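Here's the letter readout for the chains.
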Amino acid sequence: MVAALNAALRDALTNDPRTLVFGEDVGELGGVYRVTEGLQRAFGTERVFNTPIAEAGIAGICVGLSLAGWRPVAEMQFDGFSYPALDQIVSHIAKYRNRTRGRTSMPIVIRIPSFGGIRGKEHHGESPETYYAHTAGLKVVVPSGALDAYRLLALAIADPDPVIFLEPKSRYWAKEQGELAVDGPPIGRAWIRREGDACTLVTYGAMVARCLEAAEVLARERISCRVLDLRSLVPLDLHTLAESVRKTGRVVVVHEAPRTLGMGAEIAARIMEEAFDYLEAPVLRVTGYDVPYPPAALEQRYLPSIERISAAVRRVVSH
Amino acid sequence: MAMHEDPHDAALVRLVAPDGTAVGDTDVGLKPDELRDLLRLMILSRRLDRECMALQRQGELTVYPPFEGQEAAQVGSAFALEPDDFVFPSFRELAAAVARGVDVVEYLQYHRGVWHGGPFDPIASRFAPICVPVATQIVHAVGWAMGARLDGLPVCALAYFGDGATSEGDFHEAANMAAVFGAPAILLCQNNGWAISVPLREQTAGPIHARAEGYGMPGVLVDGNDVLAVYSVTRAAAERARAGGGPTLIEALTYRMGPHSTADDATKYRSADEVRLWRERDPIDRYLKHLLASGIADESFVADCEDEAKEWVADVRAGIASLGPPPAEELFAFAYAEPPESLERDRRSATDGPDG
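Here the protein sequences line up with chains A and B, keeping their order. For the first sequence, the working numbering assigns the number 1 to the initial residue and increments by one for each residue that follows. For the second sequence, the working numbering assigns the number 1 to the initial residue and increments by one for each residue that follows.
The following block holds chain B by itself, in its conformation from the complex (with noise of 0.2 Å):
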């Protein structure tokens, strides 16, 4: 068992229990309308995902890495930011990405082959490119969130990462960085427990949230499958970071339903025991019932949101089959602002033959 499975720890923010009552004040300061965008999001992401598995089964997406289980992580903190603040992703924040409107066929160009990280025009999407190396965007995150305060701008940036990436030294870099300079910054760390196939305990010796008091940020660890707390805390994060009160470490206990990717087999590393006991906490699930018994939402809008979910991932699909290769001239067009003179011969040779 992974060693974040249950922590009954006094420091855990949990609103609502696993079976969808509510433990703590689920009045986070959101309108009906925006509790069950909360639970359209989740739901359109949960199709996504499972339709981006069967492309890649298909043949027609390159390896791809699941989220399924860390919707409540991903759309909870997306949801709680402002359309100006910045999401620093790594590779497996998909469902952040569709709550910040990222467009989603520009986004499965990555996972296509088309092009690297960021195809989607991450300016006006708020959203950096998907970023492979562990860790290291939230170095980028730091920096952003400190060029926004020499402007004086009152907005945040959101790094996300895993319990892997808080081993590298860019995290704690980035953390160190980010307290000593006072930036607008929020460090979420989902931890879901795996690091492809190296377990927590393997990772890390310590809790990753009170890491936090040696940077000198506050440390907030809250149930990553509890969407109301984590928006909660990622809206009193980002509050804080507007109002000058510098950056906060956010660990988000979740867990990775699928494989690392699917390159890989999870049933190879860990039991199907500790995989249905997460099921059993499966954020969707949870939400739903808690939607269901405050009256909030009722089972028709639940089946709008599936049918709406159904024939969104069928224009998503639409779309990745219409993305062939790029013409040859895109591998020199955006290497540099302006091409060497040398990289012109190289260029010419690879849009007109060998003899060109």
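Just chain A, with the same shape it has in the complex (with noise of 0.2 Å):
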């Protein structure tokens, strides 16, 4: 996924002379995960710096460029320490558009290394996508392999609206063969990964791979599931949605980030609104525990497991 989401970044800053790529790290060394490595030599230091290590700034500076007609590609370098950035994001890059009546574009990607699963040290495996799935004017997108993380970086370059873009480390090393195309499903539309009529599994990141394990663990007990990868958090693909409720009449929900109004709070309702006469069995989640994030010994303890995943599906199924 590091080398997709690089040539993402490569053919932007080819494509666009506007794209800009800065952050913490992001210049020789090519950031923490080299998800930037080789292009600030390829396009130059105007193109592709350093910041201070200072988030406020970097998404502040972001509001400022695209009023000058840039269009920003911002890293924060790690989702823990991604916060110091949230007052820029959530008081200006989501509103500005609004408050100067579309006569302003805010065309900016903040991309964040998220979650966890990396045995990574505090702050190195936090959750954020809530914080911003909750604020309007921004949209937010998690891939679950390289190829659509290339196709949703570039997508999300190419928006006119502000997109946080929140890679999921421990898939950063996950290989999947296939040529790099934007061509696919946009921002804002769901993934179907697996198909199966007993019950959907709606997930995003790096939990669509543990969802597919478990799928095939129990398709071994003849439960065929159904696994929806989100890819887009906001908007969110209610048609989508609604047609696997339909279709399969029972949904659990799975994601690393704590219960409590997490994604599958806000999934379980929709499907509520758009899709109650066809469920045959409650929405169940599966999610991290609310408590905060582990260390490297327990986070398997805390992350859904197979086992969690599989243990839900049958609850589900047996209703």
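Simulated from the structure, these hints should not be mistaken for laboratory data. Note that the structure is predicted; figures quoted are calculated from it, not measured. Don't be surprised by glycine CBs; every beta carbon is placed ideally from N, CA and C. You can trust all of the hints, since none of them are fake.
Chain A stretches covered by chain B per the calculated footprint, using a threshold of three residues with CB under 8 Å from any CB of chain B:
#: 1; region: 89 to 95
#: 2; region: 99 to 110
#: 3; region: 231 to 239
Here are the simulated distance ranges between beta carbons:
#: 4; chain 1: B; residue 1: G353; chain 2: A; residue 2: P295; range: 50 to 58 Å
#: 5; chain 1: A; residue 1: A269; chain 2: B; residue 2: E311; range: 50 to 58 Å
#: 6; chain 1: B; residue 1: G353; chain 2: A; residue 2: A269; range: 17 to 25 Å
#: 7; chain 1: A; residue 1: N15; chain 2: B; residue 2: E213; range: 41 to 49 Å
#: 8; chain 1: A; residue 1: L261; chain 2: B; residue 2: G169; range: 26 to 34 Å
#: 9; chain 1: B; residue 1: T21; chain 2: A; residue 2: E46; range: 44 to 52 Å
Using the hints, put the two standalone chains together into the complex.
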């Protein structure tokens, strides 16, 4: 996925001379995850540059650069270090177009290496998606694999609205065969990763791979699961969500973020509004717990496991 | 007394003393009609500010933050910019907006509660939306300046903020980034001594302009009630920025004669003596005396300005009265360039009723 993200940035820098890439250590080092490796050498220090350690500043200069006609693609070094930027993102990046009655655009992408599963230290395993999804004016996307990471990042950079781009760190090194292409589902559309008719697993990011594994396990028990990769948390693909409910009648939502007011709550509520009559069982959630993200030694006890996902599916199927 | 009240600081740039006498080189490179225009803009601004206070009391505007006393700091600095430069205001810079030619009725849509901070055209006006989160606009100015520099444009950005804003992290991040990137930006602090009810001495323990050295940029202390001095130091900072010299921090010592906003009572936290002292340093009286004494303006010019101001604010009042609530569709019209499908049902509900 790292190479795919790098290619998306490289292509954007090549195709649009107004694209800028910046953040902490993104220059010569190529970022702590090497997503920007080689870009400064290829495109120069004016278009790919290091910033001081100033997350609010990084987000804030995106506003000014946008007003000056640039397309900023900023990197936050880690999920847990992105919070100082929240004020600029919530108060300005999300609201500027509306504040100016559409006379200005904020074509900004904020890339944030996110989520857990990498045996990281404290502040390196956060799931910040709800903060952004709850902020009107932003789009929020999460790729689950390399090919879609390329597509989503290319689409995010081309988007006239600000996009919070959450990269699942635990999938950075996952390989996926295929050709990098922008063609495919746009932002705002979910993607069915596996067909099934007994239950739909609704998920995103690194949990897509885990749900696919769980679906394999369940298939051996003759429980056929559809796996829906949301990709885009805002806008949410209500159409595909409702269609999945109509088809399978049962839904389990899986995410790493804590349960309370996580995306699972929103998805369950939307299903009630959109497709209640098709439900054959309550919507269940398999999520992180409502506790601070744990240290490495405990993180797999915290993250949704194949066992927890499978158990939830068995429960709704036997309802 | 606010600790900034009369700093006999050797660094203070002052060209005209409070009694109107020249104490420095008042030839700042402006022609007589431009010198008169500075006075005219300050008179127009003050008349507008007082009208806005009245309109608020009459229920025609929502909460309003008056700027009376700060006309020189705002008009002098805005006047020093070129048309293509870009201003990033906080929420008390209506006088700067007047000096920049921003459509005032459009601007006041904000204070009427008709729209948020950018109902005028910020790109055409080269004046960013009214910015309320303290100090956040300084970072925007730095970003815009960085972008202009990448384009090789001979322009600069000017951010207005108050003394209280210098306590915010965003002030620090903006100043540091501006200096690191050599951004053509002017960081203009209007030190009016008070952050709502908190005096400067409780806000910060050292001189604001002196912080510039730590960031690696020049810092200037100017008498913010001396319009020529403000013009002069801003002009120099702008020229320096345009020539690739990087940012400048300007601390303009001034005073907010009124309350922080119509929602507070300034007599509760500051003394009448202090206010009286600053009334004697009034920026308009001072400059008027100077222009009359130097023969650049006469009483009839001043009378003309007053007449113009009276007529103009009457037009503004009429313009504001005509501002009704926008249609409900506008709740949704500008949130996204391409509104998500999921918003469509909400839009119908808001415009056609709950069954829509």
